[in-house]
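Asks: Each chain, letter by letter, is given below.
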Amino acid sequence: MTALVDVLLRAVVVLAGTALATFALLWHAPGDPALAIAVARYDAVVPPEVLDQIRAQAGLDAGFWSAFRHWITPILTGDFGSSSVSGRPVWPDLRDAIALTVPLALAGLAIGLVLSVPLAVFATRRPGGWLDRSTVAVASLGAAIPAYWLGLLLILLFAVHLGWLPAMGAQTAAHMILPALTLGLGVAASLMRILRSGLLEARGQPFLPALARRGVARNRIGRDHVAPHAAVPVVTVLGLELAFLLEGAVIVEVIFARPGLGSFLVQAISARDFPKVQAVVILTALLFVTVNLLIDLTYRLLDPRTGSRDA
Amino acid sequence: MRSVLMLTAVLGLLAVFGPSLAPHDPTAIDIPNRLAPPGGVYPLGTDAIGRCVLSRLLHGASWSLGLAFLVSVIGLIAGTLIGLVAAMGGRFVDWIVMRATDSFLAFPDLVAAVVIAGVLGAGTGSLVFALTVTGWMRYARVARGIGLSFGSRGHVIQARLAGLSPVAIARWHYLPALAPSLVVVWTGMLARAILGISALGFLGFGVQPPTPEWGTMLLDARVHLRSTPLLMIWPGLAIVATVLAINLAGDALRDSLSPQERSA
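Heads up: the sequence lines are chains A and B, in that order.
According to the numbering used here, the residues represented by the first sequence are 1 to 311, in order.
According to the numbering used here, the residues represented by the second sequence are 1001 to 1264, in order.
Because the hints were derived from the structure by calculation, they are not lab data.
The model shown is predicted, which means the values in this text are computed figures rather than measured ones.
Using N, Cα and C, we set each Cβ at its ideal position, and we do this for glycine too.
It is possible that part of the hints are untrue.
[Said to hold, decoys possible] Here are some chain B residues pointing at chain A (derived, C-beta under 8 Å):
id: 1; residue: Leu-1035
id: 2; residue: Arg-1091
id: 3; residue: Phe-1092
id: 4; residue: Val-1093
id: 5; residue: Val-1097
id: 6; residue: Pro-1108
id: 7; residue: Val-1114
id: 8; residue: Gly-1118
id: 9; residue: Gly-1121
id: 10; residue: Thr-1124
id: 11; residue: Val-1128
id: 12; residue: Leu-1195
id: 13; residue: Asn-1247
id: 14; residue: Leu-1248
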């Protein structure tokens, strides 16, 4: 029980810290925030009195903490405010962007799992064999290839040379194949390394030969003794993969001109549209805190020893 | 250890002497010879405004590698100090420091770096700041983890009883024990820094043109993907080769330090 309280407390501290750090960053960003709001709202240079009025309205004149309160209060009720550039509410646009990114991330994760799990299982059947060594080599190479280069290479091959697939935009389902493949190959490379070492460790447990000699079928040993042991690192990695997927989505969406969350964030930063940037950061933090909480709880289910160990 | 030293030496030499090997000025514009194929005066051809690609790659090496060194070493120092404070400062300090570390770790670091570098305004200073702020946590975790297991050892307790200051204990007892693991983390973070610098460059939030940098070269090359695909092959190869070399050296180092955790 105290462990659960500790986990929840951590989640709250992380969220509060992220909100504070984000606000502090934007507070210290170059440029006058009141001027930015004025230009966005009236599209003109305004007299100093109006700037003072805006400052009073947004709580900017009473110092950092007052401005922070003005900013955080509506967010706590789920109101992300309006874009400082277009004046439109942030949430509907953000929702549309998320609706494009989630399927991409899921497709990338699916491709990564489909490629890496069978390969890792077959490769570790004979550690040091040709299949094992070549998967390690490919995975090392994959870890060194950045998504922005892989994406360009895939466009070059499948869109420019072969002309099989569309490269830019998000109009049809076919538009998702190349971005998802870019993400999925990166996921596969990182999953492969961790799955492999997890499986090797699970297969090296000293009681497995004893079970085999007692006549327990190979499949049953795999299902009942190897798989649960190898599941712990996989759960950890799925948490890390989520971070990877989100980072990858930022880059991949920019390469493939796909108007998802990544493009939303990059455009918001370039336009200095801070309400949009803040909304993305807060949502990302919320997503990661939730996932880390779930991972923490899953650990406790998979490995009863975890509770007593300090993370 | 030897492989990392060798690699550091080679990359260091490339960063320092790479620019002087360049056949041309990396910012010299030669419009009549724009998008030239490799060969002749320009060994790897020219880009969209006729700048020598090889010269830009060599100068880019000193930018990418130099900045990655800077970022990863600042992170190493800051992270180690933070981790040692957590390990030696008692339970309450430890809790606070580790929750702060968790906050930073909970957020995808490239997204954080993009936000920080973008909001502060594109430029080399923002880039270094953004990658350092998002790159110290792993060192802190390792330093704190080893430090905690170390605090109850006999010679550390004796040193404390003998009246040695915490700084002296950290310097003479903790640091030598931490150094090997920290060097392994450092190789990983060096590779990440190179990927991060070029990713920010590719998104337009990193080193600003006309400074040659591998990520911004990829960004420029993207427009000419159909007509001159070779233009985006070179900087990509440079990034992959560098990161791969660093990762392999790091793996070799880790294996030599802990043979029981051998990965390949």
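Asks: Each of the hints needs a verdict: does it hold here or not?
Replies: Consistency of the hints with the structure:
no.: 1; hint: Leu-1035; in the structure: violated, 16 Å
no.: 2; hint: Arg-1091; in the structure: violated, 10 Å
no.: 3; hint: Phe-1092; in the structure: violated, 14 Å
no.: 4; hint: Val-1093; in the structure: violated, 15 Å
no.: 5; hint: Val-1097; in the structure: violated, 12 Å
no.: 6; hint: Pro-1108; in the structure: holds, 4 Å
no.: 7; hint: Val-1114; in the structure: holds, 6 Å
no.: 8; hint: Gly-1118; in the structure: holds, 3 Å
no.: 9; hint: Gly-1121; in the structure: holds, 5 Å
no.: 10; hint: Thr-1124; in the structure: violated, 15 Å
no.: 11; hint: Val-1128; in the structure: violated, 15 Å
no.: 12; hint: Leu-1195; in the structure: holds, 5 Å
no.: 13; hint: Asn-1247; in the structure: holds, 6 Å
no.: 14; hint: Leu-1248; in the structure: holds, 7 Å
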